[in-house]
Amino acid sequence: MKKTDSLLLDLAPQKFGRIGIIWTWTLIIISLIGIVAYIDQVIKGQVVTNMNDYALWGIYISNFVFFVATSFVGTVTVAILRLTNNSWRTPIVRIAEIISVAAIIMAGITIMIDMGRPDRLLNLFIHGRLQSPIIWDVIIIPIYIVISLLLLYFPLLPDFALLKLFFEKKNPKLSKWYGKLSLNWTGSLAQKTIQAKSIQLIAVLIIPVGFMLQTIDAWLFSTLFRVGWDSTNMGAYFISGASVAGVGALVTVVYVLQKVYKLEDYITDYHFDKLGKFLVLMCLIYLYFNLNEYLIPQLTSKKEATTHINVLLTGQFAPLFWFVIIGGLIVPVIVLLFKQGRKPLPMFIIGLLVVLGSWWKRYLIVTPTLLHPFLPIQGVPESWHHYFPSLHEWLITAATLAMALLIITALVRYLPIIPIQRTADEQEELELNKNTAK
Amino acid sequence: MRNPLIKHYILLIVLSLFLGSSSFAQKAKKNKVRLKANYVKVMNSEVYFDLQATAKVNGENITIPNVELVIYNVVDDEQIELGKATTNMGGKSRFTLKDLKSIKPDSTNTYNIEISFEGNENFSRTSKSISFKNASIEATFVKIDSINYISATLINKLTDSVVIGQSLTLQVQRLFKPLLLKEFNETDENGSILVPIPDGIPGVDGNITIEVVLNDSAEFGTVKAIVNAPVGIPIVDESTFDERTMWSPRSKTPFFLLILPNLLTLGIWGFIIYLINNLFKINKS
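First to last, the protein sequences are chains A and B. Under the working numbering, residues 2 to 439 are what the first sequence spells out, in order. Under the working numbering, residues 2 to 286 are what the second sequence spells out, in order.
The shape of chain B in the complex, shown without the other chains (with noise of 0.2 Å):
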């Protein structure tokens, strides 16, 4: 009886080395996920969270796709879920709140937001915070002795005060990025600045959609506030669509196709019909 019982034992301990060492394996082959938030604040519009995954694996830095990220709102103690949201195949992601009032600062009004990765079977669990104060920006656009201007003030909504020397960007908004105008204006005692509109900027029916940015501060995080002025050259849509060209859907054939080939086509069976016409003429006469 002695004999089995030993070999038993012998295979349990060999057995849990073996799963003992698999698992601290797999436990040192987990590397660290990098997590990277921006808040932006649009004035008027959306609040949203660029959120980014990365980690160094074999000492290249890659991108992490697919990963879920929560999204708390922490409050003194407390922690309040805000959502969830999945890097993309670039390892970034999106997530927007509707406006600031969906969450709350804490006691010093200031707002923190916590990122969490829970981890999974290649990458241990972590976490990102960041804090921010509420700030807006009051965007308008001038006309001074026939120049045109940006004239912007930065508020910290907090105290309701302006903002001194901060550094605003001027850009104009563009499909695939920003056309940037001018960089560092900074903020006067009056917490403004006063930028004149380069002339000659192309624009959709002449409007040019200028965004006056606080961009990525350690204090209120990525304030832009957008402004629509009518200054810009109108661009001339050369586009195509809706109208009948050899690249259109079938609904939008070019009238020239329409009419050719089907009159070539009726010419050539009206023919035909007359041939087959003649068959009966022969067989009757």
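In isolation and in its complexed conformation, chain A is listed as follows (with noise of 0.2 Å):
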């Protein structure tokens, strides 16, 4: 048992070592490669990217649906898990709050970067209309930020109070922000009743704003009359397919600080094979939606739609399509059905392979539909039959992901990244349950 001194040894915010400055170093020099294309963006147009009158929608957009549906982590993990009481979320529950709030983050500033002209965004608010899907984006986005903050801050407070202290001698400055950002916290019942009672409100608040959030944006997609898209399947399989998404970054992000922090002691292989079976649970889910997206298409045979499947299944993006739902899916599924693939390094792999299969599925739901619009293309260049990306397009979305992980970096540099005060909490009362059982 480790009293709350030596927990705060551990768990006290550290400074980075080599590696984490090189890490966050490199963040910086990506992040900023990619602000300077997305400046002379602004400058020349989009025109420097390779989006055309078909493919309007292209891996910003892909990558925005990323974000999105990787901000489900924070709904997902906390709230369910808690309303559900799941204890084994404790090491984890603050991973996840930091994922979501740099995912959603960046999901507001990735959709500016696909307006062609970002100085008339305001515009969205003063002429918006209602009927949009696009407006109920712009509405639900900023909702979810300010709910993943208050969620990542009131189980802070305590820590913050504690964090000041432990900083007093040592770092006198941190030590005073941490006093100011802990709301002079001194665990009063009064104060603990209020937190309680805000944070089970928040968990309650974003489980439906989360899933509102995957909703719209699965009916900006859905709401167009679009081979692909036009499916009533799709909040639901949107849903499922972000707990994936968030599930296999947590999965990514827990390992690596876990490695880097040296905190076997608290997240251990309990907790990843936790997690490693609610990542199949999701995965199944998920599986199942997509075996509803594109089998009931090919087999009412509707000629757009096979044309559209046949190109997915067999044609131009078939290694991309069976990369993600192979590799993305069904072999994290089996992996993680056996003991051995639940441990710690096996699951890391497992949710690189998830995130990054995730990551290609949104760029399948976007593009191929665009290059499939019902009257035929023609007389246009050659080229605008195809899409891939240019190298302006690959830079500024390489930099939004560093700065996604730019994000996380910064936090888990300030932030004690496992709740200090609840963890001591638990096992005083685990002292407690063991001394009255004896």
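Footprint (simulated), chain A over chain B, 3 or more residues, beta carbon under 8 Å:
#, region
1, 249-262
2, 270-280
Each computed DSBU-like pair below joins lysine-lysine, with the alpha-carbon atoms no more than 35 Å apart:
#, chain 1, residue 1, chain 2, residue 2
3, A, Lys-165, B, Lys-282
4, B, Lys-285, A, Lys-4
5, A, Lys-177, B, Lys-282
6, A, Lys-4, B, Lys-282
7, A, Lys-174, A, Lys-260
8, A, Lys-181, A, Lys-198
9, B, Lys-282, A, Lys-193
10, A, Lys-174, B, Lys-282
11, A, Lys-170, B, Lys-285
12, B, Lys-285, A, Lys-193
13, A, Lys-171, B, Lys-285
14, A, Lys-4, A, Lys-171
15, A, Lys-181, B, Lys-282
16, B, Lys-285, A, Lys-16
17, B, Lys-225, B, Lys-105
18, A, Lys-4, A, Lys-165
19, A, Lys-177, B, Lys-285
20, B, Lys-99, B, Lys-225
21, A, Lys-181, B, Lys-285
22, A, Lys-198, B, Lys-282
23, A, Lys-16, A, Lys-177
24, B, Lys-178, B, Lys-225
25, B, Lys-178, A, Lys-304
26, B, Lys-129, B, Lys-178
27, B, Lys-99, B, Lys-178
28, B, Lys-282, A, Lys-170
29, A, Lys-174, B, Lys-285
30, B, Lys-282, A, Lys-171
31, B, Lys-282, A, Lys-16
32, A, Lys-165, B, Lys-285
33, A, Lys-340, A, Lys-435
34, A, Lys-263, A, Lys-193
35, B, Lys-285, A, Lys-198
Keep in mind that the hints were calculated from the coordinates and are not lab data. From the three backbone atoms N, C-alpha and C, an ideal C-beta is built for every residue, glycine too.
Both chains are sitting in their own frames, so use the hints and assemble them into the complex.
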């Protein structure tokens, strides 16, 4: 059993080592290159991208959908596991909250990157039509950002108070900041009651908001009369896909942090085992929705749908499609069904595979449909029949991914990634239970 | 001194030959534009000329867009310019006059119009003349023994006499193309026709607009009379224009979409404000 002091020694934010600094600077450089590319895009216009009259949504929208999906991890792990009293969640919830915050902030930024005239952003609020799912997205994303921040902040209050004391002599400046952020937390009954009530409310609130966010994201596509999008399955399909992307990202980040901060005492094989089972369940649900999404149009054999699906199954996009289905879903399910597959390292590899599969899955949702309009593509340059992102698009997209990782890195640097007070309380409770049993 | 002069002369000869041949080549390339002109008189309304420019290029008939045509009123030996018209992408153009009084007839009371194309680098100069006399159609809607008819009389305005044996067409005005009711209705000895209107023709508010047309007559051109007959089946207007629909502008958002998302948004923001207030409470307590 570890007392709060020893917990603080283990879990208080630490300065980065050499690898941490190299990692951070790498992310900063990638982000800066992307910012330069974006400035060039704003100056020259979206002509620097390979988007055209047909592929009018390209890698930016795929990336946006990926970020939105990943941000769902906050809803899934924190809220759902909390409301179902899964106590194993404790060491991973904060990591999930951090990923959620980083992903949703970058989703908001990424959608602006896709705008030809970002200076007209305000027009969305002034002239937007409530009939359009795009406006629903404009409404829901800021809400989700605020709720995700609150979900991260409320449970941090006791930890900030502990960190204030912990850094009082070591780093008074940092201690002062923690003191301000702790909002004079003393751990009084009144404070604890308000905090508990608030966390409970956020945990309930984030579920409908998270579901709304994913559903609206799905409706951006399904309300358009396009092959591959025009589906009533889309809302549930996106929610299940988001769970896969979110939990996949969580597994990956949890493993890295466990190794970097040597948290094996706190994040154990047991947690990876639970996360593995959770990921299997999510992958199976998503596979089921994929089956619905691709099999039914194939069976009903509408000409356009068949053409679209054949392009995915056997045509131009087949290698990517099968990588996403097999590599991103089937292989993870098979591996994670075995106990050995749910050990940290295999889990990390599977997590990476799932995240990679999730990213390309969004690309497959967006691009092939756009390249198969109902009216044939005629009288346009040959290059308009295809889409592959330009260098600008790759650089900017890489920068957004780097920025998301940078947000996670910055938060990990200054926040305790495992809730200190809660861990201490749980350990105390456990000890008490043991003593009572004796 | 001689040598340079000879060189200059040779150069001049070569240049003039080259320029001459190239200008000849340009002239040889020019195609002939064929102009088509139809005079149309709408009773109690405007008079217009439907113009079309075509050409045979490489054995293929093509329409000529963006050519400027000048319209003249020829009165005996005098040419009065009425205006200009430019053909559209289909090689067509319409030149409209307020009424027939805007132009003058010649001494034989015949109207002469000349449409002229001045030519350009691709097409040679050409013109087209049309002549017509003034005629009118007096058409009315009548009901005889519960049967609806259109009665019309064709009159030669020059002699103020009826025109016998001319074929008139009855058609209903429609958005893209008229709906033909009956062709070849020959005018009788009174210059008149009496044609029953078939039942069951749909029209806005039950009104159908019937056209009695003398089509492309060599003597009178095209003359058209329009009669409104309230004998159609009323069209139920299913347009959602100006209604609150999912495809309406912002000002016409359906009420449920105004109420539900705003209620949800306000509700959620209410909770968020409550939570932020809780942070203040924690800070104070």
